[in-house]
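If you read the protein sequences in the order shown, they are chains A, B and C. This note's numbering puts the last residue of the first sequence at 419; the count rises by one with no breaks. This note's numbering puts the last residue of the second sequence at 1102; the count rises by one with no breaks. This note's numbering puts the last residue of the third sequence at 2223; the count rises by one with no breaks.
For lysine-lysine, the following DSS-like pairs were computed, each having C-alpha atoms within a straight-line distance of at most 30 Å: (1) Lys1044/B <-> Lys249/A; (2) Lys1044/B <-> Lys51/A; (3) Lys221/A <-> Lys1044/B; (4) Lys195/A <-> Lys1044/B; (5) Lys2135/C <-> Lys2115/C.
To list a few chain A residues with every Cβ distance to chain C over 10 Å, as calculated: (6) Met44; (7) Lys52; (8) Tyr81; (9) Ile82; (10) Thr84; (11) Asp104; (12) Asp226; (13) Leu254; (14) Val288; (15) Val292; (16) Trp296; (17) Ile344; (18) Met356; (19) Ala397.
Keep in mind the hints are simulated off the structure, nothing from the lab. Every value quoted in this text rests on a predicted model; they were computed, and no experiment measured them. From the three backbone atoms N, C-alpha and C, an ideal C-beta is built for every residue, glycine too.
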Amino acid sequence: MRAWIEKQRYIIDFTISSLLRRKVKNFGLLALYTLIVFILASTMFFTYSIKKEASLILKDAPEIVVQKIVAGRHDLFPASYIETIKKIRGVAAVESRLWGYYYDSLVSANYTLLTPPSNGSPTHNVKSSAKTTVVESESGDQQAVDMAKPLFELNGAVLEPETLIIGNGIARLRNIGKGDYMPFLAFDGKVINLKIAGVLSSQSELVSSDLMLITEDDYRKLFGIDKGYVTDLTVAVSNPSEVAMVASKIKKRLPQARPIIRDEILRTYDSIFNWRGGMMIVIFSAAVLAFVIFAWDKASGLSAGERREIGILKAVGWETSDVIQMKFWEGAVVSLTAFFTGVILAYIHVFFTGPMVFEPALKGWSNLYPNFELTPFVNIEQLTTLFFLTVVPYTVATIVPIWKAATIDPDSAMRFTGE
Amino acid sequence: MRNSSLFFLYLSAGVFLLGLLLVHASFSTNARQESLDEKSAMVKALRLTDLCLFTEARYTRHLSQADLNTAFQDHPLSLEHFPSGSFTQPPEGITQRHESLD
Amino acid sequence: MIELVNVKKVYNAGNPSEFSALNSVSLHIAENKVTVLKGPSGSGKTTLLSIVGCMSRPSAGRVKLNGREITSLPERFLTDIRRKTFGFIFQQPNLIKGISVLDNVMLPAYPLGEKRSHLKIKAMKGLSELNIANKAASKVEWLSGGEAQRASIVRALINDPHIIIADEPTAHLDTRLSYRFMEIIEKFKSEGKTVIITSHDPLVYESAIVDRVVNLRDGQIED
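The following block holds chain A by itself, in its conformation from the complex (with noise of 0.2 Å):
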């Protein structure tokens, strides 16, 4: 044992020192490898981060919106439709919302502007048969009166007519703050000043940077959408198992409309940011190009110098055996070592110093993004698989083309003449 743990370590010696002579060739590799492995991991990390991030952060979303459509465009929803709702068997509370974008030609930006639940947008809670109805409608109470408490950071302020609360990505861009005035452009060209009343916590960012809270009554003087129209409407449903059967049903009472179900949403996130989209394929198939052509190099056979040199070996006394483990342990040197270089630096990238290579891929053209901090969401499986990714298929394709190792004779040593 002792004799073989010191025979891998000659080999390991000569390995490195075989590789460092071709020192531009075979750091040109490596650095490649690590780019690779560096942008694997990121997009692992930081799509895992985020999904898991998502799933968590949305498993409170309503369980059904539905939308209004009409030639193939969001339509105002008729109020009048949230009691035809309201009787389809397993709701168990209907609300609607009022809720749309401002575009803020000062900046260049699109806000989501958004009316609290709490603020004049009633309850409808469903007055019928349900056994659970009672304790739903409740509990939707007790949420009307959690929302009557101020939000979050903003100690004790309420949202009341003539102000409004901003996303901390709105209060970054307009550098504006608690008590400054913000002008709005009404539908009908009248300018409507409102006041502040506080910013949303930075910590919420992911969800709620670009959000502005104003009141129902506002909201439609802004737009200028009469009391009979809401935007859409959340329905909760009695028995979760009902979700999607409920949601069939309001489809089938109301062909114009177009119920969404949490699962749907979920889904969604679920399979957003896909390494294959976008920057990602345009950065990653460039050294993945340049990586295989390198391998190929490798893989396609050995360069005069590895020949005699390998036929030095064998004429030395190694074996073809001991030829193969030179070969493994040069496979298992590079890419182990751009394994650990790449996952470390894309650690730190993803989660130190908030993605830098992805953060003008997710900024896009908008001006206004979320300034948020992932969560490291790492497991084990994820490093395991990068692993098998990217170690386990470089090592073999380095002892592949070896057989042709075989194929030397030790007398080729003898054979050549001159340098």
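With chain A fixed as given, assemble chains B and C onto it according to the hints.
Frame of chain A, contents of chains B and C only:
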């Protein structure tokens, strides 16, 4: 020092650092629980449906609310919103519906 | 100690380029003697040497080492025998570039897994015996022709072989260095080693320390 010792030193350092990062990950996951709860509470309170990742277009701001006509309507990879539009896939509800709700 | 019986070696068998390098060579090489295989180039010296040194197998015939038939042994065993029994000195020094002289010298011992500190002592001793200990840490590219030759001799001796095989060792050496080489061979002989040399250099085959000269021509032994 021998090359092999350097290599094993590097390997051990790598394993150690990676272990340290895993510890860091698990600690910060715990430490950030409060912030997660806060976000989740806000989602519940304001009936939010989406993460605020890209604000440049309706269907990138509210990915899950995009309808069949707006989402990725101009190009399959949404290159008109490159790169962020191309970063994400079309919403699940549009490509693969488990229930036919539209 | 080494016995060859009707050894033949054919290259590229079955091809139009087929040629036979050795035709029915039978030879006995005695222990603790210096044997020189002499002949013009193309006479089959190197082929014979590589068969004697277990580097290649004969196409026909048998090779016995200390009475043991070795022609039919699998590669593993053959390599093992080669490693422990033979030390090779090539026409070219055949050192591996980019690594130090010391590492080159220790190379044949790597697969044996000997403790590095012991191995290093052994290698340094060998290097100092041939007066190149001061070059141990240098890269082989920086050596002169004679130094490279001596380094390759030290490498041949690292596993303490009984038989030293040298293929045209003086081909790239000047007269002074060639004499120096023959002195080294004499020392081997006095240590009880068997030496087999191929050469067409009179300085080698006319040397007083040579016990036997075998003449080869067209793959056959001439008497």
